[in-house]
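K.L.:
Sequence:
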Amino acid sequence: MTLPPCPDRRHTQVLFPSSAEEAAILASRHQAPYLAGASAAQLGWSKNTGWPAKAISLHALDELQGCRRAVDHWSIGALTRLSELTSNRALCRELPTLHGALLGVGAPGIRHLATLGGNIGFAGDLMPILLVLDTQVDWMQGAGPLHQSALSDWLSQAPEHALITRIRIPLPGPGRQLRMEKLASREAFNPPLLNIASSWQWQPFAQAHLAAGGAGLAPRRLRSCEQAFSDDATLIPTAATLLPLLARDLPEQAAQPLLPIAANLLLDQWSASRL
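Note that the sequence shown covers residues 1 to 275 in UniProt numbering.
Careful: at least some of the hints might be erroneous.
Stated by the list, open to error - Derived SDA-like pairs (lysine to any residue); straight-line CA-CA distance at most 20 Å:
{"no.": "1", "residue 1": "Lys54", "residue 2": "Pro17"}
{"no.": "2", "residue 1": "Lys182", "residue 2": "Gln253"}
{"no.": "3", "residue 1": "Lys182", "residue 2": "Leu267"}
{"no.": "4", "residue 1": "Lys54", "residue 2": "Pro33"}
{"no.": "5", "residue 1": "Lys54", "residue 2": "Phe122"}
{"no.": "6", "residue 1": "Lys182", "residue 2": "Gly104"}
{"no.": "7", "residue 1": "Lys182", "residue 2": "Leu243"}
{"no.": "8", "residue 1": "Lys54", "residue 2": "Phe16"}
{"no.": "9", "residue 1": "Lys182", "residue 2": "Ala107"}
{"no.": "10", "residue 1": "Lys182", "residue 2": "Ile110"}
Treat the hints as calculated values from the structure; they're not laboratory data. On a predicted model such as this, the values are computed, not experimentally measured, just so you know.
Given only the sequences and the hints, what does the whole structure look like? Please build it.
P.N.:
Structure follows, in structure tokens:
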């Protein structure tokens with residue numbers, strides 16, 4: 001049973017599990033959200049003037065911490081703070097576009113609190129670049145087993161109250177080029193209006209991974225645009241050819257001024273990948 005929200009955060013009961021398994025069980029049992037850095041959670045609850053009756057603290061779970069290089073990917077615990085990732089020289093050297101995206105998340109104080117798992121859970125600024133990197137997430141729900149899913153699949157059907165435990169980011173192959181650009185508001189602390197990320201590979205065959213996100217825009221892969229670029233390596237796109245494809249991928253933006261901006265950002269990234 002989901003308890004009604006509390007008008008005052010002082011009335012929220014915080015539970016402290018001793019393991020990830022216990023955390024997932026408690027969240028499912030009480031229909032309660034997770035707390036890690038809580039940078040996004042507190043802002044959202046304050047705006048909605050409703051605090052949860054119960055919340056699950058993940059602070060003491062060392063098993064969800066850490067960043068290490070595996071053979072073909074980076075394995076990052078969901079509770080790893082963004083500031084820790086920006087100071088990891090090996091990670092930043094191998095994934096410089098991700099490094100730039102990390103530095104673009106809020107102020108240094110926010111990055112010191114925010115976690116990678118929290119950014120995913122709240123569909124934050126990092127989602128487009130993580131999507132084009134073919135990121136995988138490990139997760140558990142209730143008393144169930146550990147699962148692994150592509151981040152794109154997770155977004156399309158995220159299980160309720162599931163706990164992300166680890167994020168796995170594959171290493172880009174030779175010749176793969178990554179790009180990311182944000183259209184931001186001048187107002188402080190507002191999420192970007194539009195965030196476009198892309199991954200391009202032209203040899204031995206054309207392959208494009210494209211994604212978008214932003215304020216009020218659920219992050220997603222741009223499948224129609226991807227197919228057009230991947231089917232024809234000789235394609236020379238224009239805003240006119242991209243707009244109908246983007247309208248399919250972002251139907252809620254079809255008649256909005258952000259759609260032509262998205263087309264221009266994609267064109268810029270395509271041009272840079274061909275140099």
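K.L.:
Output the indices of the hints that this structure fails to meet, ascending.
P.N.:
The structure conflicts with no hint, since it agrees with every one listed earlier.
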